[in-house]
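Engineer: Letter by letter, the chains look like this.
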Amino acid sequence: MTSHTPAAAPRAEWTGQIGFIVSAIGSAVGLGNIWRFPGVAYENGGGAFLIPYIVALLTAGIPILFLDYAIGHRFRGSAPLALRRIAGKLGEGIGWFQVMICIFIAVYYTAVLAWAASYFVFSFSIPWGDDATGFFVGEYLKLSDAPFTMEFVPGVLIPLVLAWVIALIVLGAGVVNGVQRLNMIALPLLVVGFLVLVVRALMLPGAAEGLNALFTPDFSALADPGVWVAAYSQIFFSLSVAFGIMMTYASYRKRRSNMTTPGLVVAFANSSFEILAGIGVFATLGFFAYQQGIAVSELEGLTGVGLAFMTFPAIVAEMPGGPFFGALFFGSLTLAALTSLISILEVVFAGIIDKFGISRKTAAYGLGGVLAVISVVLFGTTSGLIALDTIDNWANNIGIVASAVVTTITVLWIRRAGRELSGHLSTLSTFKVGRVWLFLVSVLGPVVLGYMLIATVVSLIAEPYEGYDPGYLLVVGWGSVLLMIAGSIVLTVLPWKVAPDRFTPWPPLEVSGRRAGPAATLHRAADAASTEGGAR
Amino acid sequence: MTPIAILFLVLAAVIVWGGLLVSALFLARRPEVTEYPAGGDDPAGEEVYDLPPIRDT
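One line per chain: the protein sequences are A and B, in this order.
End of the first sequence sits at 536 in the working numbering; the numbers just go up one at a time, nothing left out.
End of the second sequence sits at 57 in the working numbering; the numbers just go up one at a time, nothing left out.
Next up, chain A with everything else stripped away, as it sits in the complex (with noise of 0.2 Å):
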């Protein structure tokens, strides 16, 4: 008689530290880099932010990243099959909600991603003339009052399908062959690209002005709460930690692999380019102001979709040699938004591979395909917009920050993992933590996170969100966080293909974090050869 034992497949991995660094920063490198930082940091004190930046980046952001890095890298799986392996089916919960989390995301930001591809082609011949708004709400988007229509744009379905066809195939290709491939040929020319546009910006009349607007420090901001939170907002959600990426990104590391130390590569790396990105989106506002005649503190729409598809546009138009520079803008714009729309895929794909057993293929052209037609239909209509800026808003301030207050509760206050983990990375990596780290994810991070979490909440009651219909929102809005508890109870409760608790973690560990000792040690590893898997 013939049985079939459905056995752990040797899991993917990066070539080497290089690649799984360079796959790391352009997942960090997205949208809000470019777009958000240099706004909110203008609005938040300007150079007096940066003190509040810096320590959430040293408080928060890179503890954070380093306890996705040990989950991922010790339990060797995608965000449900790692947190299965650490807290049971609770935390199976939590990463089958952060894989929630990323499909929502995935499905609004591609039609960005195809909104930047579209203007990387129209800058070459600037249609939108001097009404660079007019063009993009109306002859672009053809944006309806409606909040739910099904007259799809051709100028937004056709880019929308490119973006969705491209990102599946690199998907489909795997790991090395696709999402490090495509990382190591799109990081370097998105560093090379955004440094020429940042020299060039600098090279224009106002830039100074600009310059100076961002950088001079509002001391008396610093007294402020809503700029601490804006600055760990910033750096949390630049970051792409606490919603599965990090963790999935490490489990395809080889085990005997530095963890923190690249860690700190990508998160100063990260925040390098928000650095950049604030001095080019400034420099550049500079000369629009200077060209109107006005200060930079009267223009409008400085950050998010209104800073990338009207002003920059409107100031494309006005610029000698325009076209190179939007075409160095919407082509960063491009290149960082693909890089981060597959990290957040891959949280989604490897997770379900991890549970059902399927090949990536199947996972990226099925499930993809799936994915692809329910962001067609969502974003390639005229009613796109209101439903984008809903759904990001309650994705990224509830969901990722929710995700983030439940993980480390449940990682470290529940399961007191957190010597373990500390252990883990301390013995594998040449950059040590300890009680220090363990402190800042285990109570600075879940307190200020939690307060977050609660303002947002409260804020988002008291009135509707950007003046939107209160039912809309508590459809679409609501809703969207519903569902995504809903997808992570359903898929927790789904059977595995292969049994995630048989394994044992390496390097073996006592209780402590010390490294246990010689007999243990071999008897365990060798276990640990044997029991992984996942996603391929």
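No lab work stands behind these hints: they were computed from the structure.
Check each hint, because a few of them may be wrong.
Claimed, not checked - Computed list of lysine to aspartate or glutamate pairs in EDC-like fashion (alpha-carbon distance at most 16 Å, straight line):
1. Lys89(A) / Asp501(A)
2. Lys432(A) / Glu32(B)
3. Lys254(A) / Glu32(B)
Claimed, not checked - Covered by chain B, according to a simulated footprint, are these stretches of chain A (three or more residues, beta-carbon under 8 Å):
4. 214-221
5. 422-434
Cβ atoms here follow ideal geometry from the backbone N, Cα and C, with glycine treated the same way.
For chain A, the structure is supplied; the task is to place chain B on it using the hints.
Structural biologist: Relative to chain A, chain B alone:
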């Protein structure tokens, strides 16, 4: 640019870009710990797709 704005631009560059430089140099000089615990050999060093289920007879 005003002196205070230049000061904060320089401070940002030194701390953040300096942090990147220092961490990259630290990684280059000490890419790995001197000794790993026993075991930890990866079962496969390359990507594997569509592995068939093992047949027990």
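Engineer: Take the hints in turn and mark each one as holding or not.
Structural biologist: A quick look at each hint next to the structure:
no., hint, verdict
1, Lys89(A) / Asp501(A), "holds, 11 Å"
2, Lys432(A) / Glu32(B), "holds, 12 Å"
3, Lys254(A) / Glu32(B), "holds, 12 Å"
4, 214-221, "holds (count 4)"
5, 422-434, "holds (count 5)"
The structure shown violates none of the earlier numbered hints.
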